[in-house]
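J.: Heads up: the sequence shown begins at 28 in this note's numbering, then just goes up one per residue.
Because the hints were derived from the structure by calculation, they are not lab data. Cβ atoms here follow ideal geometry from the backbone N, Cα and C, with glycine treated the same way.
Below, simulated DSSO-like cross-link-like pairs (lysine-lysine); rule was C-alpha separation at most 27 Å, straight line:
no., residue 1, residue 2
1, K970, K215
2, K408, K314
3, K902, K827
4, K242, K222
5, K812, K864
6, K602, K290
7, K483, K242
8, K215, K234
9, K418, K602
10, K314, K417
11, K498, K631
12, K483, K558
13, K418, K607
14, K242, K491
15, K325, K290
16, K222, K914
17, K574, K733
18, K970, K913
19, K418, K520
20, K483, K649
21, K234, K397
22, K914, K970
23, K769, K730
24, K452, K520
25, K649, K561
26, K418, K408
27, K222, K234
28, K688, K556
29, K314, K325
30, K875, K829
31, K222, K970
Cβ-Cβ distance ranges computed for the label pairs, FRET-style:
no., residue 1, residue 2, range
32, E862, W488, 42 to 50 Å
33, G412, S832, 42 to 50 Å
34, D395, S216, 24 to 32 Å
35, G263, S301, 53 to 61 Å
36, D395, S832, 40 to 48 Å
37, D888, R469, 41 to 49 Å
38, L741, S353, 49 to 57 Å
39, P879, G428, 57 to 65 Å
40, C616, R961, 48 to 56 Å
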Amino acid sequence: MNRRHTFPLTLTALAIAAAFPSYAANPETAASDAAQSQSLKEITVRAAKVGRRSKEATGLGKIVKTSETLNKEQVLGIRDLTRYDPGVAVVEQGNGASGGYSIRGVDKNRVAVSVDGVAQIQAFTVQGSLSGYGGRGGSGAINEIEYENISTVEIDKGAGSSDHGSGALGGAVAFRTKEAADLISDGKSWGIQAKTAYGSKNRQFMKSLGAGFSKDGWEGLLIRTERQGRETRPHGDIADGVAYGINRLDAFRQTHDIQRKDKTGQFFSVEGESESKPVAKLAGYGKYLNNQLNRWVKERIEQNQPLSAEEEAMVREAQARHENLSAQAYTGGGRILPDPMDYRSGSWLAKLGYRFGGRHYVGGVFEDTKQRYDIRDMTEKQYYGTDEAKKFSDKSGVYDGNDFRDGLYFVPNIEEWKGDKNLVKGIGLKYSRTKFIDEHHRRRRMGLLYRYENEKYSDNWADKAVLSFDKQGVATDNNTLKLNCAVYPAVDKSCRASADKPYSYDSSDRFHYREQHNVLNASFEKSLKNKWTKHHLTLGFGYDASKAISRPEQLSHNAARISESTGFDDNNQDKYRLGKPEVVEGSVCGYIETLRSRKCVPRKINGSNIHISLNDRFSIGKYFDFSLGGRYDRQNFTTSEELVRSGRYVDRSWNSGIVFKPNRHFSVSYRASSGFRTPSFQELFGIDIYHDYPKGWQRPALKSEKAANREIGLQWKGDFGFLEISSFRNRYTDMIAVADHKTKLPNQAGQLTEIDIRDYYNAQNMSLQGINILGKIDWNGVYHKLPEGLYTTLAYNRIKPKSVSNRPGLSLRSYALDAVQPSRYVLGFGYDQPEGKWGANIMLTYSKGKNPDELAYLAGDQKRYSAGRVTSSWKTADVSAYLNLKKRLTLRAAIYNIGNYRYVTWESLRQTAESTANRHGGDSNYGRYAAPGRNFSLALEMKF
Numbered sequence: 028m029n030r031r032h033t034f035p036l037t038l039t040a041l042a043i044a045a046a047f048p049s050y051a052a053n054p055e056t057a058a059s060d061a062a063q064s065q066s067l068k069e070i071t072v073r074a075a076k077v078g079r080r081s082k083e084a085t086g087l088g089k090i091v092k093t094s095e096t097l098n099k100e101q102v103l104g105i106r107d108l109t110r111y112d113p114g115v116a117v118v119e120q121g122n123g124a125s126g127g128y129s130i131r132g133v134d135k136n137r138v139a140v141s142v143d144g145v146a147q148i149q150a151f152t153v154q155g156s157l158s159g160y161g162g163r164g165g166s167g168a169i170n171e172i173e174y175e176n177i178s179t180v181e182i183d184k185g186a187g188s189s190d191h192g193s194g195a196l197g198g199a200v201a202f203r204t205k206e207a208a209d210l211i212s213d214g215k216s217w218g219i220q221a222k223t224a225y226g227s228k229n230r231q232f233m234k235s236l237g238a239g240f241s242k243d244g245w246e247g248l249l250i251r252t253e254r255q256g257r258e259t260r261p262h263g264d265i266a267d268g269v270a271y272g273i274n275r276l277d278a279f280r281q282t283h284d285i286q287r288k289d290k291t292g293q294f295f296s297v298e299g300e301s302e303s304k305p306v307a308k309l310a311g312y313g314k315y316l317n318n319q320l321n322r323w324v325k326e327r328i329e330q331n332q333p334l335s336a337e338e339e340a341m342v343r344e345a346q347a348r349h350e351n352l353s354a355q356a357y358t359g360g361g362r363i364l365p366d367p368m369d370y371r372s373g374s375w376l377a378k379l380g381y382r383f384g385g386r387h388y389v390g391g392v393f394e395d396t397k398q399r400y401d402i403r404d405m406t407e408k409q410y411y412g413t414d415e416a417k418k419f420s421d422k423s424g425v426y427d428g429n430d431f432r433d434g435l436y437f438v439p440n441i442e443e444w445k446g447d448k449n450l451v452k453g454i455g456l457k458y459s460r461t462k463f464i465d466e467h468h469r470r471r472r473m474g475l476l477y478r479y480e481n482e483k484y485s486d487n488w489a490d491k492a493v494l495s496f497d498k499q500g501v502a503t504d505n506n507t508l509k510l511n512c513a514v515y516p517a518v519d520k521s522c523r524a525s526a527d528k529p530y531s532y533d534s535s536d537r538f539h540y541r542e543q544h545n546v547l548n549a550s551f552e553k554s555l556k557n558k559w560t561k562h563h564l565t566l567g568f569g570y571d572a573s574k575a576i577s578r579p580e581q582l583s584h585n586a587a588r589i590s591e592s593t594g595f596d597d598n599n600q601d602k603y604r605l606g607k608p609e610v611v612e613g614s615v616c617g618y619i620e621t622l623r624s625r626k627c628v629p630r631k632i633n634g635s636n637i638h639i640s641l642n643d644r645f646s647i648g649k650y651f652d653f654s655l656g657g658r659y660d661r662q663n664f665t666t667s668e669e670l671v672r673s674g675r676y677v678d679r680s681w682n683s684g685i686v687f688k689p690n691r692h693f694s695v696s697y698r699a700s701s702g703f704r705t706p707s708f709q710e711l712f713g714i715d716i717y718h719d720y721p722k723g724w725q726r727p728a729l730k731s732e733k734a735a736n737r738e739i740g741l742q743w744k745g746d747f748g749f750l751e752i753s754s755f756r757n758r759y760t761d762m763i764a765v766a767d768h769k770t771k772l773p774n775q776a777g778q779l780t781e782i783d784i785r786d787y788y789n790a791q792n793m794s795l796q797g798i799n800i801l802g803k804i805d806w807n808g809v810y811h812k813l814p815e816g817l818y819t820t821l822a823y824n825r826i827k828p829k830s831v832s833n834r835p836g837l838s839l840r841s842y843a844l845d846a847v848q849p850s851r852y853v854l855g856f857g858y859d860q861p862e863g864k865w866g867a868n869i870m871l872t873y874s875k876g877k878n879p880d881e882l883a884y885l886a887g888d889q890k891r892y893s894a895g896r897v898t899s900s901w902k903t904a905d906v907s908a909y910l911n912l913k914k915r916l917t918l919r920a921a922i923y924n925i926g927n928y929r930y931v932t933w934e935s936l937r938q939t940a941e942s943t944a945n946r947h948g949g950d951s952n953y954g955r956y957a958a959p960g961r962n963f964s965l966a967l968e969m970k971f
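The whole structure should be built from the sequences, with the hints applied where relevant.
T.: Shown next, in the form of structure tokens:
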């Protein structure tokens, strides 16, 4: 049925909409926002709704998504969650996992992430590998959330610590898990939901099954979800026609002395063997080939002394091995395809509770999620190139048995502080050189909850009261395997060094990081009103006892032999006694004396936080809505570890908002808020892989980072939909960064010497400003003859850095504003059949390129760039549709990048920036970061 058109879409409003071509919020969210703006009442008998104005009057910077929204947008992972939300991006960690979110120019630990009010793990990056291999073995990930467990997601852009606590500097992402009512249809006492989905871009297959019940006061739910996928594939054109030619080293037997005709080469004998054997030499050694062998061949030909067939065969064997490899098979720098990855996850969510007295609820929750990202680092050359010949050239080339390749090996150049050189006696040429990076996450939470609910404006002491206790542990386990034990070209992740494989080698460089939180929260809500005002008060208390534990491990095995020259045999040839290979097990852990973070023992920091908050959302008459809130936090960090920071941090945060509504179709809003972030556990541990500090030296203290947010917005709403335009300004102070600071320390002679100490310092202040547009047009409200359910959505976000200042005396090693997302427009056109039977949507996205000036910073007096490349502008189009069958079965499908455009997003290319936890090398091929070409997703949902 068509609605009466009470507020025509004027030419002015159309002009405003046309002036800002962009996308918009999800239609469902936009529609609910329009309804919520007309009333502050949001509590229902089923559950408390979460809206853009639930906590603060203006709703500026807020995005709220429900489980229905996630289904409609076909969210299969973290990168899908904010696909159509300009100004919010996912931080790529570099090894398949993610490092949280980027909002308002900051990211990682500066954007708070929580589930049911419990903070998730902090991004913790390993300072360096124990074994000295370096590279990309170092986590830095924030555990991802299982979206099939989620009822609502609240994305809060701008400083918001009064609501979300420490870390909400640039914003926050708060998840709420499902309740039994989310699985039960109206009028029923039980419900079952099943979902199966597939995404082609990373070949991810997901299956989820959930059941809920509510009977005689008891209610509960159980959800099991499993996922399996691969790496995200770049555009299909990237590898078309790409082939690599390589020249690799190998071994050959020196059976002839080519310089002299009919003269044999160099032979040797081994004790216990009856026959002598030719020495093994390095094939592909340019110095030997150019200066000797190939020159001798030329001289023989000039002297009319042709080579025999056996000599020609040896000369051929002495040359480098040339291979042509496909883009999939190639390993090494410049690889154009991403590393192969095996992704798996499994999750349980269980809740059980009892309602009594009509207003009371007592229940418990159990949540267990495991995720694993197993990667082969294909930038690690599987072969030894001709440019590496020098490290093999001085070996004697003796061997036992018939495999002459056992005679060639190299001893890695291990620095003294990284361990005993005798632990690695040799790594064989014949083995494939491989590296695997396994990243495993696990999150487990158990909790108890008491909830009291009453009607608004009742005479009781509270309309709602919640008391909860949660015990949560989140762990990341990052393991880098270095293997030289499968004969080239074979690759075997399960192989290990063994006595039957001379000079085989394996190394495990592992890092465990775990955070534990015991969280007690209490909140009380009360609504009050009189003739002129309405108030909604929320009082909150909380206590969090936390612990951070980091522990590195390193273990290697090397099957080496000891060879000994014993003189000459009866034929005047070298004679050797070759010992049988023995597997030597070792670890660099026992050899590290001064570098405390590299000792293989657990290092702990204990933390505690007490907070109290008060928030009032109120209205005066029909023209003004207000919100005012504040929060007090006191955090203590203690440790018994040497050179680890500790201390007390007292922080206050606040928020305020005002909405002026001169009529029911137009409003002006202003929001001001603050945020803070206490130093992360990684920053408290500090950096100590570069220095030998004198006894008693203390790290410089760190202050909390601060943020201030100011935002003003205009909103039009009516039967035509709504349009919101806002301008914001954010300022960050005392930003913590890695920097070098000149410090005088005593040397071995006791004299003061000035050196650069690299550590974390409060190093930067910065400010930025931007524009955000959000809107939805209901075309039936514009013109009643158009179909009901026809809509357009739009959104736009632009952020521009205004100023950056560095603390004098520091030479910075990192730069924060590479997290600024380029300007992005998103425009959507869709139709939802009024009874919800079917719908379709097309989304158009346009992004500007990354501004290279945003990557520049000063390191001392030198201008540097945090990344060597930037992205160009790009565009893409997606289409999606759904079909409901008999209210129990829903089929969803989507095609992304229907034009098959080839483009690179800044979020992907940023993996080459200095700020990335596991930075990709400077020789990385630009093509490997290309977004997927045309791809699709399918989902089948069943409800009973």
